[in-house]
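If you want the building blocks of each chain, they are given just below.
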Amino acid sequence: MKRPLPEPTPETLHFWEGTRAGELRLQRCDQCRHVYFPPRPFCPRCASRQVSVFRASGRAKLYSYVIHQRPVPGFAPPYAIAVVELDEGPRMMTNIVGCPQTPEALRLDMPLEAVFEKQTDAITLPLFKPAGK
Amino acid sequence: MKRKSVAVVGAAETTDLGVIPNLSQIQLHADAALNTLADAGLKPTDIDGIATAGESPANVAHYLGITPTWVDGTTVGGCSFMIHVRHAAAAINEGLCKTVLITHGESGRSRVGASMRRGGGASSLQGQFESPYGIMGPPTVFTIPVLRYLKTYGLTEEALATVAVIQREWAGKNPRASFRDPITIADVLNSRMIAYPFRLLMCCLVTDGGGALILTSADRARDFPRKPVYVLGTGESVETPMVSQMEDFTTSRAFRVAGQKAFDEAGITHADVDHLMIYDAFAHLPLYGLEDLGFCKPGEAAAFIAARNTAPGGKLPLNTNGGGLSYMHSGMYGMYAMQESIRQLRGIAPAQVLGAKISIALGVGGMFAASGIIVFSNQAP
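Residue numbers (the numbering used here), protein chains in the order written: chain A, 1 to 133; chain B, 1001 to 1381.
The following block holds chain A by itself, in its conformation from the complex:
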């Protein structure tokens, strides 16, 4: 069993094209400069439709998480379900790879960087690993 995979919509396609190309793509409002996620073709702060897609740094810090102890399709417990805060501001849910799934290894605010894990020809997921590892 594989993990559930996203079905991109017209408004989110740029994000999933980005992960396929190894990039984390966010949006910034051309009017008020607000950077936001998840994707939508207008600014959730000022409602402007003048927004641009840009390549984010991929740098983040670990914001919060749980370590699930039970099996879920596509996951071997224990595994962390994490929320990271991107350097550009928005937060997103993800998994942390390349480190033990323990409270000792997963310290809040630890620096992370995006990695891109291909699932299918269409879908690559953005995951995060400890920075510099």
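Since the hints were derived computationally from the structure, they do not count as laboratory data.
Bear in mind the structure is a predicted one, so any value in this text is a computation, not a measurement.
Fair warning: there could be bad hints in the mix.
Taking beta-carbon pairs under 7 Å as the criterion, some of the chain A residues facing chain B (in silico) [what the hints assert, rightly or not]:
#  : residue
1  : MET1
2  : PRO4
3  : GLU7
4  : SER64
5  : VAL66
6  : ILE67
7  : GLN69
8  : VAL72
9  : PHE75
10 : ILE81
11 : ARG91
12 : ASN95
No more than 25 Å apart at the CA atoms, straight line, and that leaves these computed lysine to aspartate or glutamate pairs for DMTMM-like [what the hints assert, rightly or not]:
#  : chain 1 : residue 1 : chain 2 : residue 2
13 : A       : LYS2      : A       : GLU23
14 : B       : LYS1098   : B       : GLU1265
15 : B       : LYS1173   : B       : GLU1094
16 : B       : LYS1151   : A       : GLU113
17 : A       : LYS61     : B       : GLU1094
18 : B       : LYS1004   : B       : GLU1265
19 : A       : LYS129    : B       : ASP1248
20 : B       : LYS1151   : A       : ASP109
21 : B       : LYS1151   : A       : GLU88
22 : B       : LYS1151   : B       : ASP1248
23 : B       : LYS1297   : B       : ASP1219
24 : B       : LYS1098   : B       : GLU1157
25 : B       : LYS1151   : A       : ASP87
26 : A       : LYS129    : A       : GLU113
27 : B       : LYS1098   : B       : ASP1048
28 : A       : LYS61     : B       : ASP1248
29 : B       : LYS1357   : B       : GLU1265
30 : A       : LYS61     : A       : ASP121
31 : B       : LYS1151   : A       : GLU104
32 : B       : LYS1151   : A       : GLU85
33 : A       : LYS133    : A       : GLU23
34 : B       : LYS1004   : B       : GLU1157
35 : B       : LYS1173   : B       : ASP1187
36 : A       : LYS61     : B       : GLU1157
37 : B       : LYS1173   : B       : ASP1219
Glycine included, C-beta positions come from ideal geometry on N, C-alpha and C.
Starting from the known structure of chain A, arrange chain B on it as the hints suggest.
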């Protein structure tokens, strides 16, 4: 809404709570509704407004033989029933209907005739940006903000354990509670890990049951057999269906917005509140609720609970039925929180708070996605 313009004149739960494999979901609605109609001395044909969540209001109306002139199917999770009370008060005041029945029934454990769980499909925002990362129901989602909360305020898992221990003290006084044996902090911290930092005894029960309310205008309320419980203030709000997108992981915007509205409508201060219910699907919710309603400063709710302020004998009795952690939790618990507020104000609760005049029931919907809050009073207008 207009203060004390509407009253609860009927309130009851299903005959049984817990494991009820012999009743389907729609019959749990009906069992609660029939008990509530009997409580109010009414028949289904006396009802002209219907509201429910988790089941179509058309199903409930038809099953009970009700022909409504007002219908509300607002479904934003377990606080939907608080929001139904708020909407019903507005509808009664506007003359859209006179006598509203709000029902809840959920075969949460036995899953007999249960509705399909609604969730975003793979193309919804949650389906695209949360579901791929291994979330599996509330224990893996509702819980995600808490490590940030604990770090921000320098707290440990003991804060969560204390909530569970004190609510079990209340449950011990309630013959209808599912879990009644006393527990210790060590018991909680040694119970099975579900999703770190949450252990089994920090998570709600999964049971079957239902409850219902009947509301009418305050001027008609005196003609009913039970002591009326007046709706003093109400609040509702929503934030986000995606826990990862909450504005702040240490506080619920929906709680704050709905709470401010409810206090403003009621025209009360915190010192006026005798009894409090905070929907506790998990042990962190009373912490967020106490702080977001303004009973405690940010980060101070755990110490407030540990100092036994919310325990039996404390100055702010909280979750006196034992809560979702020990009393029952069918999936959409908000109805049971209001039932306990009403029992307390009628003076018939198993763990009665002597002289209680004002009770607040705070509901949460989804995983911090929504909130509905009702301030009740037993003092006539």
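Pair hint LYS61 of chain A and ASP121 of chain A, alpha-carbon separation not exceeding 25 Å: Distance ~29 Å between LYS61 of chain A and ASP121 of chain A Cα, so the pair is violated.
Restraint check for LYS1357 of chain B with GLU1265 of chain B, where alpha carbons must lie at most 25 Å apart: Roughly 17 Å separates the two Cα atoms, so the pair holds.
25 Å Cα cutoff - pair LYS129 of chain A, GLU113 of chain A: With Cα atoms ~6 Å apart, LYS129 of chain A and GLU113 of chain A stay inside 25 Å; holds.
Hint consistency between LYS1297 of chain B and ASP1219 of chain B [alpha-carbon to alpha-carbon, up to 25 Å]: 39 Å, violated
Interface restraint verdict for SER64 of chain A against chain B (beta-carbon cut-off 7 Å): 4 Å, holds
25 Å limit on alpha-carbon distance, applied to hinted pair LYS1151 of chain B and ASP1248 of chain B: The given pair, whose Cα atoms are some 13 Å apart, holds under the 25 Å limit.
Satisfaction of hint between GLU1157 of chain B and LYS61 of chain A, Cα-Cα up to 25 Å: Holds - the C-alpha atoms of GLU1157 of chain B and LYS61 of chain A are around 22 Å apart, at most 25 Å.
Straight-line alpha-carbon gap LYS1173 of chain B to ASP1187 of chain B, limit 25 Å: 20 Å, holds
Restraint status (C-alpha distance of LYS1151 of chain B to GLU104 of chain A at most 25 Å): 14 Å, holds
Pairwise hint evaluation, ASP87 of chain A against LYS1151 of chain B, where the allowed Cα distance is 25 Å at most: 20 Å, holds
Distance restraint between LYS1098 of chain B and ASP1048 of chain B, which requires alpha-carbon spacing of 25 Å or less: Holds, at roughly 6 Å.
Hinted pair LYS1151 of chain B and GLU113 of chain A, Cα distance within 25 Å: 22 Å, holds
Of the hints listed earlier, those the structure fails to meet are numbers 1, 15, 17, 23, 24, 30, 34, 37, in rising order.
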